[in-house]
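All chains, full assembly: derive it from the sequences and hints.
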Amino acid sequence: MTARYVVGIDLGTTHCALAYAELEREGASVEVLAVPQLVTAVAVEARPLLPSFVYFAHESEGACALPWDPARRFAVGEYARTRGATSPLRLLASAKSWLSHAGIDRRAGILPLDAPSDLEKISPVEASFRYLEHLSEAWDREVAKGDPSLALAEQEVVITVPASFDAGARELTVEAAMAAGIEHLTLLEEPQAALYAWIAARGDRWRKDLRVGDVVLVVDIGGGTTDFSAIAVVESPGAAGALDLARVAVGDHILLGGDNMDLALAHVARAKLEAEDREVDRWQRVALPHACREAKEQLLSDPSLASYPIAIASRGSNLLGGGLRTELTREELSRTLVLGFFPGVDASARPTSPPRAGLTAMGLPYAHDAAITKHLAAFLARQADAATAVPGFPGAARSGSLLHPTAVLFNGGVMKADALRGQVLAALDAWMKADGAGPVRPLDGSDLDLGVARGAAAYGLVRAGHGLRIRGGTARAYYVGIETPAPAVPGVPPPVSALCVAPFGMEEGTVASLPAQELCVVVGEKVSFRFFGSTVRRADVAGTRLERWKKDELTELSPIEVTLPAEGRAPGDVVPVGLRAAVTEVGTLLLEAVPVAPRTDDERWKIELSVRGEG
Amino acid sequence: MSSRRYGAGVSPPLPLLTRLWFAWACFFRVLVSGDAARRVWSSLEGEAPAAAPSPPPEVPRLPPAAPPATEVTIGPALQLLALLQREGRLVDFLEQDITAFSDADVGVAARVVHAGCRKALRAHATLGPVRTEEEGTTVTVKEGFADDEIKLSGNVKGEAPFTGVLRHRGWRATGLALPTVVRAYDQTVIAPAEVEL
Numbered sequence: 001m002t003a004r005y006v007v008g009i010d011l012g013t014t015h016c017a018l019a020y021a022e023l024e025r026e027g028a029s030v031e032v033l034a035v036p037q038l039v040t041a042v043a044v045e046a047r048p049l050l051p052s053f054v055y056f057a058h059e060s061e062g063a064c065a066l067p068w069d070p071a072r073r074f075a076v077g078e079y080a081r082t083r084g085a086t087s088p089l090r091l092l093a094s095a096k097s098w099l100s101h102a103g104i105d106r107r108a109g110i111l112p113l114d115a116p117s118d119l120e121k122i123s124p125v126e127a128s129f130r131y132l133e134h135l136s137e138a139w140d141r142e143v144a145k146g147d148p149s150l151a152l153a154e155q156e157v158v159i160t161v162p163a164s165f166d167a168g169a170r171e172l173t174v175e176a177a178m179a180a181g182i183e184h185l186t187l188l189e190e191p192q193a194a195l196y197a198w199i200a201a202r203g204d205r206w207r208k209d210l211r212v213g214d215v216v217l218v219v220d221i222g223g224g225t226t227d228f229s230a231i232a233v234v235e236s237p238g239a240a241g242a243l244d245l246a247r248v249a250v251g252d253h254i255l256l257g258g259d260n261m262d263l264a265l266a267h268v269a270r271a272k273l274e275a276e277d278r279e280v281d282r283w284q285r286v287a288l289p290h291a292c293r294e295a296k297e298q299l300l301s302d303p304s305l306a307s308y309p310i311a312i313a314s315r316g317s318n319l320l321g322g323g324l325r326t327e328l329t330r331e332e333l334s335r336t337l338v339l340g341f342f343p344g345v346d347a348s349a350r351p352t353s354p355p356r357a358g359l360t361a362m363g364l365p366y367a368h369d370a371a372i373t374k375h376l377a378a379f380l381a382r383q384a385d386a387a388t389a390v391p392g393f394p395g396a397a398r399s400g401s402l403l404h405p406t407a408v409l410f411n412g413g414v415m416k417a418d419a420l421r422g423q424v425l426a427a428l429d430a431w432m433k434a435d436g437a438g439p440v441r442p443l444d445g446s447d448l449d450l451g452v453a454r455g456a457a458a459y460g461l462v463r464a465g466h467g468l469r470i471r472g473g474t475a476r477a478y479y480v481g482i483e484t485p486a487p488a489v490p491g492v493p494p495p496v497s498a499l500c501v502a503p504f505g506m507e508e509g510t511v512a513s514l515p516a517q518e519l520c521v522v523v524g525e526k527v528s529f530r531f532f533g534s535t536v537r538r539a540d541v542a543g544t545r546l547e548r549w550k551k552d553e554l555t556e557l558s559p560i561e562v563t564l565p566a567e568g569r570a571p572g573d574v575v576p577v578g579l580r581a582a583v584t585e586v587g588t589l590l591l592e593a594v595p596v597a598p599r600t601d602d603e604r605w606k607i608e609l610s611v612r613g614e615g
Numbered sequence: 001m002s003s004r005r006y007g008a009g010v011s012p013p014l015p016l017l018t019r020l021w022f023a024w025a026c027f028f029r030v031l032v033s034g035d036a037a038r039r040v041w042s043s044l045e046g047e048a049p050a051a052a053p054s055p056p057p058e059v060p061r062l063p064p065a066a067p068p069a070t071e072v073t074i075g076p077a078l079q080l081l082a083l084l085q086r087e088g089r090l091v092d093f094l095e096q097d098i099t100a101f102s103d104a105d106v107g108v109a110a111r112v113v114h115a116g117c118r119k120a121l122r123a124h125a126t127l128g129p130v131r132t133e134e135e136g137t138t139v140t141v142k143e144g145f146a147d148d149e150i151k152l153s154g155n156v157k158g159e160a161p162f163t164g165v166l167r168h169r170g171w172r173a174t175g176l177a178l179p180t181v182v183r184a185y186d187q188t189v190i191a192p193a194e195v196e197l
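Protein chains in written order, with our numbering: chain B, 1 to 615; chain H, 1 to 197.
No false leads were slipped in.
Cβ-to-Cβ under 10 Å is the rule here; a few derived chain H residues that face chain B: (1) Gln79; (2) Ala82; (3) Ile98; (4) Phe101; (5) Ala109; (6) Arg111; (7) Val113; (8) Ala115; (9) His124; (10) Arg183; (11) Ala191.
Just so you know, these hints were derived from the structure itself, not from any lab. The beta-carbon is built from N, C-alpha and C at its ideal position, and this holds for glycine as well.
This is the structure in C-alpha cells:
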C-alpha cells in the first residue's frame, strides 16, 4: 500500500465535499479540493462544494461536457441543481435519503421518481456512485494530474455516513464507492468526523477543553438530515490521566434539515403574497426558498435588522411589472424557525408520529414533526444509560432520566446562526437543570460547512498513527427475526422472536459467532429473514434471544437473504446453519451462514443485507 | 483549477484558445458519433448530406459555425455579460424602459439585480479600492504616481506632490476568474429563449 494521501469525502444529502492531507508529511495540513463542475450548460468552474444532484439532459440539449468527458449526457453538481430547478422531472436529488430507505429496493432504477420515459432511471446506489465518480475524476485531474500512482484508487479514502445509517445503508455506500474505483476505503460516522475536525482545528488545546467525564453531544443538522451522537471522554486504560474518546450513542435517522427551514419560510412568504392577491407562479415558487434562505441568513447574522426584503422578479425579459415583493420580518423568522424547528419544550416532549396510512405513495419517510428539540429530547431520554457502562467513565449509575451531555458540538451550515445554536443550548440547559445536571458548554471553532470532509481526512491521519482515535464500534446490535411455530390464526401474524447475531459496539476486525440452533436454509432456494437493529440494547450478546421487547427498542430493517448453492447437495435439502457476524476493516457488517456440517473447512455463504423491502 | 485568470490590464485570450476548444469538441464528436463524423465530412467535402436517420440520444448537436475572429476576442466579455444576466438579470433590467414604473417597482427589480449581480461579481472577481483612505479626507499624491490609478480633477496645476480631497476611492480588480468553457457554443447568446412545455 503506497498511498501518498488520505482523502476524506463527505457524501452529503445536498452537498458533497472532498478534503485531503499528505500521509507522510510531518504536521500535514488538511486541504479542501475545489471540485471542477459544470456551472452552466457550457462552462466549468471549481467550487469547494459539489451539490448532490444529477440532471439528465434531454436529447434536444447538447452534451454536459466536462474537461475529461466531452460527450457526457448527465450533469452532476451546480449546473444539475440550477438546471433541474426549471426542469424538475429530469432532476435526481436526495439520493442519500433514498439509500437509507429500508422500504424500497435500493439497487433498482427508481430515480428520479417521476422521470419521463426517455430517461433511464437509476438506483440510489448508482446516484451515490455518480457523485463519487465525479469526485474521483476531479481528483485524478486536479491532484493526480494523470499520475496513476496518485489516482484516487491508490489513496486511502474515508467516506462519511450518517451515524444513523444501518448496516445495509453502509454496505450500499461501499458498493457505490467500489463501483467508483475506490479500493482502500473506510467508513466514518459524520458526527465523529465533525469531532475529528474540531480536534484538528483546536490542535493540542482540545485536551484542555475536555476532561474525563465529559459527554460531547454532536448536533449535526445538514441540508436534509439531522443526526445526533454522544461521545464520552474516558480515562485511557493505558496511561493514568490520559484521555480516550468513546462514541456511546447515536440517534435515529431524521429526514429534516436546513432545506425544510427554507421551505417553511417560503411558505410564510407565499401566504403573505397571496393574502395581497398576488399570484405566485410555478417559477417564482422555485425562486422563493432561495430568496428566503438569503433573508434567513441575513436576519440571523445581523440582530439589528428588523426585516429583510424578499424580491422575486417575473420570469420574462421584462424584469419590472410582474415582480413580487414582500419581506420577512424578524418576528416571522423567529416564529417559523424557533417555534417550528427549535421550540423550547420540556424534556418529556416527544416528536409526534404520523398515523399509519393504509396506502401511501412511494416517497421518502420525512420526519413528521419538524421540532428538532423534540427529537433531541427523545434521543437524550432513549440514551439515558449510554455512558454508564463505558469503561473508564466515572460515575457508574445514572442520575435523572436523561443522558447528560456536558458539551455540545454543532455541525452543518444551518447551525452557523447564533440564534439557533442559542435555542438548542437554552433547551439543553433547561433540561439538564430539571434533571439535576450541570450546564452544557458549546465547543467552538469548527468549519460548519466543510467540517465533515476535513474531519474525515483528519481521521485518515489518525488511522495512520497521527492522533487519538474515537472508539465505539457498531452503533447498533443486530437481530434476526425467527418465526416461532404456532397454530395459524387468520389475520394474526405468527409470533417472532429476535436472535442477536451481532452485539452493540463490535469493533472493526472482530467476529461474533453463534452456534447453529434454529436456523435452517433450503439448498438451491433463496431464504430471507427479517432483520432488526437496536441502538439501545447494549447488554445483548451473540445468541441472546428476545421473545419480547419494548416498542422502541428494536427497529425493523430491510430483510436479509441467503441462497445456498446446490453444488454437492441435493436441491430441496434442509441444511441447519449457524451464523457468523464480522465487522470488516472498511466498517461494514458481514453476516455469513456456516453449515453445521460443512463440506470443506471454510464452507460458508454470505448473507445479503438490504435486499428488496416490502414497501 | 484551470479557470482563466487575468490581472488588471492583461489582454484577453488569443482566439487560439477558442479554436483549441472547438477542435477538442470536434475530435470527440467525430470519434464517438458516426453521424457527426459523416456530417463534418460532408461539410468539409462540400457534399449535401444524405437524409440522416434520427440521431441517437448520445449524439451532441453539431456545434455552431466557428464565430468570426472579432466575436471570439470579445468572448470573455460576452461570458461576463451572460453571467450577470443569469445570476442577476442585468441585461433584462438595463434593456427595459423603466420610466413609466414607480420607484417601488424599480426598487423590487433593483434588489433582484443587486443581489444576483453582487453574488456573481464577488464569486468571480476580486475587487478592492485603489486608495484606502476615507472619501472626503485630504490626501497627498506623490510624485511619479500612476495616472491609471489616480485622476486629478478640479484646480489641476503645478507639480507633484499634490494635496487634495479624495472624492472617489477608485476600484481595482485584482483577480477575475471566469468559468472555463468546455464545449463550443454560440457565445453571442447572452440568455437562451425559454419555452416551457
